[in-house]
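In order, the protein sequences belong to chains A and B. Under our numbering, the first residue of the first sequence carries the number 1, and numbering increases by one thereafter. Under our numbering, the first residue of the second sequence carries the number 1, and numbering increases by one thereafter.
To be clear, the hints were calculated from the coordinates, so they are not data collected in a lab. Warning: the hint list may mix true and false statements.
Unchecked claim - Within a straight-line C-alpha distance of at most 27 Å, the following computed DSSO-like cross-link-like pairs (lysine-lysine) qualify:
#1 A:K19 to B:K50
#2 A:K52 to B:K17
#3 A:K38 to A:K4
#4 A:K52 to A:K4
Unchecked claim - Distance ranges between label pairs, derived from CB positions:
#5 A:A33 to B:T49: 52 to 60 Å
#6 B:Y200 to A:E81: 17 to 25 Å
#7 B:L152 to A:A33: 45 to 53 Å
#8 B:C107 to A:M1: 55 to 63 Å
Backbone N, C-alpha and C fix where the C-beta goes; we use that ideal spot for every residue, glycine too.
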Amino acid sequence: MSIKVVLPTALARHTDGQKTFTSEAKNLPGLIAEFNEKFPALAENVTDENGKLRRFINVYINDEDIRFLGGDSHEFEEGDEIMLIPSIAGGSR
Amino acid sequence: MSDSSCTVYELKCPECKKGFGNVPMSACPDCLAPLEVQYDLESVRGRFTKESVAAGPASIWRYKELLPIPAGHQPDLPVGFTPLVKANRLGKRIGANNLYVKNDAVCFPTLSFKDRVVAVALANAQHFGFDVVGCSSTGNLANAVAAQSTRLGLRACILVPSDLEPAKILNTLVYGAKLVRIEGNYDHVNRLCTLIADEYKWGFVNVNLRPYYAEGSKTVGYEIAEQLGWKLPDNIVCPMAGGSLIRKIKKAFAELVALGLVEDKPVKFFGAQATGCSPISHSVKNGWDDIEPQRPNTIARSLAIGNPADGPAASKMIQATGGYAEDVSDIEIVSGIQELAETEGIFTETAGGVTTAVTAKLYAQGRIGADELTVSVITGNGLKTTDALVDKYEQERAVKPRLAEFDAYLRETDASLITDVAGNEQLELVGGSK
Numbered sequence: 001m002s003i004k005v006v007l008p009t010a011l012a013r014h015t016d017g018q019k020t021f022t023s024e025a026k027n028l029p030g031l032i033a034e035f036n037e038k039f040p041a042l043a044e045n046v047t048d049e050n051g052k053l054r055r056f057i058n059v060y061i062n063d064e065d066i067r068f069l070g071g072d073s074h075e076f077e078e079g080d081e082i083m084l085i086p087s088i089a090g091g092s093r
Numbered sequence: 001m002s003d004s005s006c007t008v009y010e011l012k013c014p015e016c017k018k019g020f021g022n023v024p025m026s027a028c029p030d031c032l033a034p035l036e037v038q039y040d041l042e043s044v045r046g047r048f049t050k051e052s053v054a055a056g057p058a059s060i061w062r063y064k065e066l067l068p069i070p071a072g073h074q075p076d077l078p079v080g081f082t083p084l085v086k087a088n089r090l091g092k093r094i095g096a097n098n099l100y101v102k103n104d105a106v107c108f109p110t111l112s113f114k115d116r117v118v119a120v121a122l123a124n125a126q127h128f129g130f131d132v133v134g135c136s137s138t139g140n141l142a143n144a145v146a147a148q149s150t151r152l153g154l155r156a157c158i159l160v161p162s163d164l165e166p167a168k169i170l171n172t173l174v175y176g177a178k179l180v181r182i183e184g185n186y187d188h189v190n191r192l193c194t195l196i197a198d199e200y201k202w203g204f205v206n207v208n209l210r211p212y213y214a215e216g217s218k219t220v221g222y223e224i225a226e227q228l229g230w231k232l233p234d235n236i237v238c239p240m241a242g243g244s245l246i247r248k249i250k251k252a253f254a255e256l257v258a259l260g261l262v263e264d265k266p267v268k269f270f271g272a273q274a275t276g277c278s279p280i281s282h283s284v285k286n287g288w289d290d291i292e293p294q295r296p297n298t299i300a301r302s303l304a305i306g307n308p309a310d311g312p313a314a315s316k317m318i319q320a321t322g323g324y325a326e327d328v329s330d331i332e333i334v335s336g337i338q339e340l341a342e343t344e345g346i347f348t349e350t351a352g353g354v355t356t357a358v359t360a361k362l363y364a365q366g367r368i369g370a371d372e373l374t375v376s377v378i379t380g381n382g383l384k385t386t387d388a389l390v391d392k393y394e395q396e397r398a399v400k401p402r403l404a405e406f407d408a409y410l411r412e413t414d415a416s417l418i419t420d421v422a423g424n425e426q427l428e429l430v431g432g433s434k
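For reference, chain B alone in the conformation it holds in the complex (with noise of 0.2 Å):
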């Protein structure tokens, strides 16, 4: 981009380094490597303040300079700039005395960070002039693909494994995109998406506007680094499926740093898989520089990606970082967010029940001292996988409208509700209401 007002990016091989432009593509074409887009930081130097961010819309907008939008883009989608809330409650059933958790479950249209990287990705799709859109998805994608590519007016064709949680499904149909089930896991899932993409030239976020798309991940790091007060914490735990959010989040602290917005200081990354699908932290608890692809098989269904294409980068820079991996069964990730739900009120899916699983088991561990500053990424709403927690909760019987009935019931269910009234004479009883 030549447009003085914009910051310069382009796409570039990490491998043999050389360039591209800005142009729908993923792969080097000569060393096949996954391309990323590299900016030239200094064009935003003294553009992008701590002043100019916050004077910014509350969304990840506020971080435009740093995000690959093209020249005239005008995002009107509120998407992102989720709340970081201090988890006293489950910080000291865990024994945390410093934690926080990123809470990606509100605040977006479709109510998961996905929405983060569609936005990015689908300002890139109208600006290359793709009619329709798709993606393969283990569900939250396919939900923000189908709801923001109606909003730009793009067409949208997704592809999904055929076992997806219904809720996953109907909020991709509502949109009226196209859903296309297919017999498979997400691995056979993308694989397809490769090969469709190269014939229907549509373009596909997580294909061949990867790139673009993953760098929307980023806005995460930006917000916990704002709302921190402008500074790093110490350990980042993040749930990892393709192993990209990860270390995009470390890509946003160290270009803030670079720009001299936050001092720069050592934080160690965890990541957090569950163990029916942990070819990552399989990798980093051997301490591999590369991974084996395995067969999923868990309910962390938005997780479950066997081979995941970050994950060789995320397992290295996790092991650079002093972190650490951990996976957890299906059982701990119920149990997992159930805790999170009853402690800070926040109702995440499987993938949170993952991560606050396994951030309860690097406090166990010692890998995380009680009092570091600790930030748990929570990346998708509970309602979406609703399916994970049946069982888990019986109705009790219903109750006629009947003070004593009421009274009986209470006793005979949970009598340590009923609080001396006596006691609280000071209360004045306003009774009507509607």
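For reference, chain A alone in the conformation it holds in the complex (with noise of 0.2 Å):
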């Protein structure tokens, strides 16, 4: 199973440049860990001392808020896009 990650170019500063990747990852927990192994320094950034997504990045699987999915334990599928937005407008917390 394959599911494309898209990054703001404010967080792509931490992948090379890369805003958009392939995973492996079955939810974000395990996207989380793949970002520790894979781009430590994006990891650092998105997640907080407790090693959970800073409050302040929303993450969206193809149109939907994951808070609306079920959160961590929402299973991604063949094929979703999943978007991490750092929250900076009215929307978004």
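Bring the two chains, given one by one in their own frames, into a single complex with the hints.
Structure follows, in structure tokens:
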């Protein structure tokens, strides 16, 4: 199974400018574990001292906020597009 | 900024406390928290006084020393300084003896408080050299960006949810802005705008210019304090969409206290939302310091942000002041619009219906005391959301231009209007006119 991960420019500075890449992660905790392995600087940037995603990051699965889908327990599906966006405007936290 | 005639300010991260100067940027690159403008208040002490403010224009620019305005910017749009009216008739109806309405439905280019934030944001957009500006909007912001960008000679591309009120769409198109309707709610539009700002290098007032934009909201607080005779109220009731406005009013009060313009006192902040989109009031009611996003379903579309950026901070702030947050149904929202119009002659949009209905509820619950000095903040004009009142008022039959016909019609429809003219002999009726 393969998913597509999309990052904004602000986060791509931790992936040598790579704004999209594929992943085999099955869920969000799995994706963060993969960041730790492949892009440690990115992992450090998007997670807090407990290894959890910072509260200022929003995660979307295709067009849906992951919090409406069950959060950490949501299982990714083949071909999903996972987008990480820092909170910046009126919407998003 | 180093110009000695200007206030010193810069973007700071509220979490890790790093400073970033003045750049079009909204999130801390290290901890990703939303950046805020922080001032060196000492740089204006002695220059920002009651006298200097009184000598300024009747607009938000009378407070420009406390706004993030680039050196040399010469604002010329008469934005703000809206009426603060004592609401005795509304107060009588809801049990309030000392209630004021801050009426941001008037005195603006596009008749909402969003003209305040856009005036500040676009001053910075020009300064940073953006040719194209944009926003994601539930309507009022779209109107303000469209009008003011035209005035400044900037091109605008505005993105809105496709189901926006027709009046708000028309009020954007009329200024010649490019309007893009997006299939989805505000949260979808907003997400797209963050991607566009990243890709297109446009100046999005509520994305990469957001820290500056948000500061414009403070002027509501400055005006309230000044119009109360340089004192603070006991309570503020404020509508909440993203949760920014209520926080910025508090920031305004804190700055006035720090500069010695008003005496410090505890002010309780009360938030107002529609039940169909009430993530912040839900958080306050549960005593949380975070919010759970919701899928919006309310006629108050200008407040319909299910995932509010400043929601957690607003919730915490409200609780810390001893205030509260309430929400009201769509039926109550319409009643709130009607009640404010019928009592105070102020026609507000659905967001104002929310605020008015919540204000009444807070008095009824005893959360606000009858004699406390309370300000209810009305943020937009009712002409923008007339569809909320469709079917509320029937048009009666037309009457022929004959006095007898009129008399019969009045006796049939509202005889109470017919007064005893015989008792008014002292009134000399003068005919004519045009």
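Verification of the hints:
{"no.": "1", "hint": "A:K19 to B:K50", "in the structure": "violated (52 Å)"}
{"no.": "2", "hint": "A:K52 to B:K17", "in the structure": "holds (21 Å)"}
{"no.": "3", "hint": "A:K38 to A:K4", "in the structure": "holds (15 Å)"}
{"no.": "4", "hint": "A:K52 to A:K4", "in the structure": "holds (21 Å)"}
{"no.": "5", "hint": "A:A33 to B:T49: 52 to 60 Å", "in the structure": "holds (58 Å)"}
{"no.": "6", "hint": "B:Y200 to A:E81: 17 to 25 Å", "in the structure": "holds (20 Å)"}
{"no.": "7", "hint": "B:L152 to A:A33: 45 to 53 Å", "in the structure": "holds (49 Å)"}
{"no.": "8", "hint": "B:C107 to A:M1: 55 to 63 Å", "in the structure": "holds (58 Å)"}
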